Structures are given as C-alpha cells and as structure tokens.
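Q: Going line by line, the protein sequences match chains A and B. Numbering-wise, the first sequence is residues 116 to 526 according to our numbering. Numbering-wise, the second sequence is residues 3 to 326 according to our numbering.
By construction, these hints were calculated from the structure, which means they are not laboratory data. One or more of the hints may lead you astray.
Derived SDA-like pairs: lysine to any residue, alpha-carbon spacing no greater than 20 Å straight-line [what the hints assert, rightly or not]:
1. 324/B - 161/A
2. 324/B - 157/A
3. 167/A - 143/B
4. 384/A - 451/A
5. 285/B - 152/B
6. 324/B - 158/A
7. 285/B - 274/B
8. 285/B - 98/B
9. 167/A - 319/B
10. 167/A - 315/B
11. 208/B - 144/A
12. 300/A - 200/A
13. 300/A - 372/A
14. 167/A - 308/B
15. 324/B - 384/A
16. 324/B - 148/A
17. 167/A - 274/B
18. 167/A - 312/B
Note that the structure is a prediction, hence the values are computed from the model and not measured.
Here is how the chains run, residue by residue.
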Amino acid sequence: MHVGPILLGYGRETARSGNTGNQKDVCVSLTLENFPSATIPPHAEALRSEVKAFIAEQLEGVPAHVRARSWSGFDADFSRALAARGWVGVTLPREYGGAGLDAFARFVLVEELLAAGAPVAAHWFGDRQSAPLLLHYGTEEQRRSILPRICKGELFFCIGMSEPNSGSDLASVRTRAERVPGGWKLNGQKIWSTYAHKSHYMIALVRTSGTSEDRQNGLSQFLVDLSLPGVTVRPIMIGTGDTDFNEVFFEDVILPEDALVGSEGNGWKQVNAELAFERSGPERIYSSLVLLDLWARLLGDNPDPEDAARLGRLVARLAPLREMSVAMTAVLAAGGSPLTEAALFKDMGTEIEQQIPAEIADAVGRRPELAADPELVRTLAYLMQLNHVFSLRGGTREILRGMIARGLGLR
Amino acid sequence: MTDEDTFLTEAFRRQLAGLVTPEGIRQIEAGDAGAGLWQELEDSGFVNAMLPEEAGGAGIGLAQAFPLIFAAGEFCVPVPFAETMIVRAMLSAQGLAAPDGAPLILAAASPTYPCGRLARHALVERDGVPTLVAVAGSGDDVFGTAAAATLAEGEVIAVLSPSPGAVMLAAAAVASALTAGAMARVLEMSLRYASERQQFGRSLGKFQAIQQQLAVLAEQVLSAQVAARSAFAGTAFDPVRVAAAKCRANEAATHVCNIAHAIHGAIGATWEFDLQLYTRRIKQWQLAFGSESYWGGRLGMARLASGHDLTSDFLRLQLGAKVA
C-alpha cells in the first residue's frame, strides 16, 4: 500500500492551552490524519498514457458542450470500446473478467475519462458500485453470471435508492419484496434512477420486513432484471430536455431466490459501504472541468489579471480536493471505508463544481462588449442549467453535513 | 514519515504543552518580549531541527518540519519559532551561521509582519537578494499579537545568493502552516463549546443549524490543512504549491473565524476567552504575505503557462503528493 506519512498526533491530544479550567476534553475525530498523504503508485500511473491515447482517439472532434455532460453522457459503443481494452471493472479479479487492478488504477482511469469529458454513464454505475457490491456481498453464482458481463460492457446497471416519498430520508423506503415460493415478489416504485431506461439491471434497496417506521432495519438489496414482467420504466424529462432520470415501477415482479444481494436485512449496511465508493471519487470535483479547461485555453498566455486570479482561486480549491480523493483511494485500497471523509469531500467538491460555471459566467459577462466564444457560451449555458443539482445526486448537501456532524461526535 | 519523525513531532508537542500557556501568550501580547519562552525553545533544540546534524540539528526536511510548524500554530506559540527554524535552515544551506540565540522572522513585503516586535533580525529581500538585517524598530502592533505594521531595517548581518521571491514563498508557506495548525485548535474549541453550551434546554451541538455550520467549519479546516501540507512537499518551497496553500488558507480563514465565533457567541471574542488568541492570529496571517487574489493570480498564470490542456494534469503534476 502506498500511504505516505501519517502524521500521528494531529488533533489526537486534547486542548491544553484552551480555556481548560473546568471543561471536559473533546477529541476531534476528523483531522489531517484522516487524509494521509498518499501517492498513486507507479503501476497505476503506468496506465495513464495508454488511457489518454485511447481517449484522444475516441473523442476526436467531440465539442466541449457535449463532453461537458461528463459522467452523465451515455454512449454504449464508447463503454464497449473501453471494455474491449479491459478498462471496465478494472478492480475486479481476473477470474470474474476484471483486470485484477487496484483502486489506484481505477482512480487513474476515471480521472482521465472525467477530465476529458468521456461519455461513461453506460458502464459507470456498474463499474463504480454495483460490481464491487456483488463482488463483496454477492453469491458465487451472482459473481460468475454477472461480473464478467459488466466487464465486457454487456450489462449496464442503474441504482434504485430514492422513492417518491423517500428522498434524503432513504431509510423510509416502502418498496417491498415479500417471500413467495421459490423467490420474492416485488412491489413499489423507485425514482431518479439514472439511465434505468437503458440499463439491464438495477440494484434496488427495498424493505423485506417491518414498515418504514423500522427505518434502517429490515432493508435488503436486490438484483432486479429490468426486463422482467411487471417492471415499467418511465423517463423523466428535466427542464433542459434531457431524459437521464427515470421512474421505475414494480408490479408483482417475481424475482428468483438468488436475486437477493448479501443477506436479508443487511441492506442499510451494504448501501453505506457503497456510498464510500460513490462519494470519494474524482467525479465529485471534475464535473465542470471541461468548461474550466476550455475557458483556460481561451484565456491564452496573456490573460486579464482578474481572470488569471479567478482561475487560480478555483485551482487552489481543487488541489486539496484531489489530494483528498487520492487519500481516500488509499484508504479504500487498504480496506477502509472513509464514509465521513467522503461526505466532507463530496460536499466541498460539488460546491466547486457549482462554483466553476458561476465564476466563468461572471468572467464572461464582466466585459459584455467583447464577443464571447460561441462554444464557450454553449458549454457554459449547459452547465449553468445543471450545476445547481450537482449537490443533490449521491446524497444532498444537508444530509452530508449531517453525516460530518455525526463524524464530529455531535449526533 | 518514519517512526523517528513521528517521535520528533510527539516530543515537540509535549514540550509545547508544557511551555505555552494562555497566560504567557497574554503577557507577550501585553508587551513582554517573550525572552523566557524563547530561551526554553532554544534549549529544546527544536528550533534548530532543520540544521544538519553536524551543526547541532536533526537534519529534517520540509515535510518533517511541517508537523512542527503545524504544532506551533495549534499551540499558539507567540514567538517566531517557525520563522526562525526556516530562516536558520536557509542560512545554513548557504554555509552562513545564524546569529546566536536570536528570534528571526521572514519579512517579505507585507502590510503586517507577524512577531515583528519580537524579532531581532529579519530576512528581507533587496533587489532579489535575500538579506538578513537587524530589526532597528517596529511599527504598530495592529493585531495585538506582537506583530509590526512596519519594520525599520538596521545593519546587514548576512547576504544570501540571489533568489527573487524566495523570502515571500517561505513567509507565505509558514503562514499557511501556522494557520492550518491554529485552525485545528479553533475547530476543537468550537466542538467543545457546542457540546457544553446549553440553550433552549439542550447543547448547541444538538441543533441542526449548528451542526451544519460545524460541518462547514471542518471542511474549511481540512482543505486548508491538506493544501498547507502540500506546500511542504519536496526539498524546497515551490511557487505553485505555496500559491495554492496560501490562497486556500486565506479563503478558509474568513469562513473558519466567522463560524467559530458564531458558535461561541460574543463570549468568544472577549479578552478572557482563548478563542480570540487563535482567530486574531489567523487574521494576521491572512493579511500578511499576499492575499488570495495575489496568490490566485500567480497560480492562475502558472496554470496557463504550464502548457497543460487539462487542469487535472496540472493538479497531478504540480500540486499532487510527492513520494516522501
């Protein structure tokens, strides 16, 4: 493992020079130690130039406003081409069709894909969380039948967590799977499932016992084949005309016995393990980078000093966030689950993702008499219509801050 | 970081815990020269830790010096420990001896010089040449921290090799690391206060509005700390890393101080309460040695001049962690 210096002692000791008199000590549980200085090892870095070359070839001529869709861009052919190179499910063991590489290799791969604005959505959710989930909690049969096909780019996954009445309050889900002879019967509805209409499977968090008052208890995860009778997928069009999101209805859907992922009633714990993967990656800081880099290219070598300072201040916010993401990759690679850290990172990361379009809009509009580059305006306008939702996907800002507060011992 | 480095840091923290007291800090702020504390720090040997072993030091590099400077910020060391450690290392690297036992500061052009009143000598830049001069007088202590708004430069003590901008880089890096350390204590004090202070029948920390603010406080503190640590990677201060660190420290400073004092209420700003000892220092470092716009401008120019098409490449190659 390539974890650099872990500076023992940071925040470990309690205050001695504070107003100590009669006050009890507190121990800050979230310190610089939680983000150990980590470097990406050479075996992972070795992948980078190949990935860059592949992307340059695949994305040649694709304009910035299309690349700005980032991990919302769905292109099955691109995902299959990536899979043909062995770059989907890279962290899975070779016996299940993966490349047997570690979390650092995936970091390098994903960082390059996101920086370039590659359309990764088709394989994204399976690659990022469903495959690791099945590897960790799935049965041997599930692993053998599903994982190799994820790695080949044949099976695309979507996530079924939110419901119409369970948004941030995820533990209140009501979609229910009941035991029936030979399997399970699924009834209910999921919402905001990205690209469900183009996916083959959903990993759904549903209730298998109790009621929504039982909260985290009685939840389980299921592998739902979206082609089964009783499944209806209905796209939701948002204001931009995009239809990435879906509602998914389950009406007496009969699932086989082995559709259960992990153990019955363990769903909440399993979902939380997934969330550390979902919130710690570069996709939480790079969603507006195609725009930033287009703007930077247009600034050229002799920019207005105000524009340079604006760019530099954004870079200064990005730099420690990338460090944090590498640090969490090291922790994940070592078997840890940095949930609070990931919440802290994602909250700050989506803030900078939201800030970049706002800053560039300000920079462009600061001198309205100058003609703006048309492609910059297209890319900017696209992100300005979406950046306000960047903090919603994968856990809202308010929920994340609540998790940080819990990590700080306040709840 | 080896076990030995960790041992060094732990030993220093234990020393500081015994040496630095809120009363001592207030005495220095009231006009005391801090000679007693300074002598203790000299005797401890830590101020020479970056000197080679044959010169009585521990031969540590920047990465190992970072946790010591961080600790100086965290324990609110009211004398120029970190500055002296760095200036002595800069002198020693060129075969120059530092004046015996004297507190030194880094005095790149700045509206205020932290610890300016306590320094006997200052490293200034004259036509691109780092030059150690005697401090012949100090102007207003505008933060009440023994800082000086101006310095009167006396005789030249030592002249280093020309290195335009080197004093500014070191000064900003040290300010960023001290800020990072001070913020650790500000977070800790805020968490403690939120858990103890009762309003509406429960502790402040039970209110969601307060929890959300403390989460933001932690975010700002952690990102400033990670950025500061990055400025101490490698063998010499790097303009890109220092720019990011000082820019981030300055931006975070406003959030951190606002939130910490919001959590504490008016009592946190009172003379008797220790929080203000930290936040006044964080504000002094915010004003000193380049603002976020200054360092942001330099960082932005560096990004544009880097030749990289991708900001991610710039982050990775010029701001990423280095192998220790």
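Q: Next step is simple, just say for each hint if it's right about the structure.
A: Evaluation of the provided hints:
{"no.": "1", "hint": "324/B - 161/A", "result": "holds (16 Å)"}
{"no.": "2", "hint": "324/B - 157/A", "result": "holds (12 Å)"}
{"no.": "3", "hint": "167/A - 143/B", "result": "violated (54 Å)"}
{"no.": "4", "hint": "384/A - 451/A", "result": "holds (14 Å)"}
{"no.": "5", "hint": "285/B - 152/B", "result": "holds (17 Å)"}
{"no.": "6", "hint": "324/B - 158/A", "result": "holds (16 Å)"}
{"no.": "7", "hint": "285/B - 274/B", "result": "holds (19 Å)"}
{"no.": "8", "hint": "285/B - 98/B", "result": "violated (33 Å)"}
{"no.": "9", "hint": "167/A - 319/B", "result": "holds (15 Å)"}
{"no.": "10", "hint": "167/A - 315/B", "result": "holds (11 Å)"}
{"no.": "11", "hint": "208/B - 144/A", "result": "holds (17 Å)"}
{"no.": "12", "hint": "300/A - 200/A", "result": "violated (39 Å)"}
{"no.": "13", "hint": "300/A - 372/A", "result": "holds (10 Å)"}
{"no.": "14", "hint": "167/A - 308/B", "result": "holds (18 Å)"}
{"no.": "15", "hint": "324/B - 384/A", "result": "violated (35 Å)"}
{"no.": "16", "hint": "324/B - 148/A", "result": "holds (17 Å)"}
{"no.": "17", "hint": "167/A - 274/B", "result": "violated (58 Å)"}
{"no.": "18", "hint": "167/A - 312/B", "result": "holds (11 Å)"}
Hints 3, 8, 12, 15, 17 from the earlier list are contradicted by this structure; the remaining hints agree with it.
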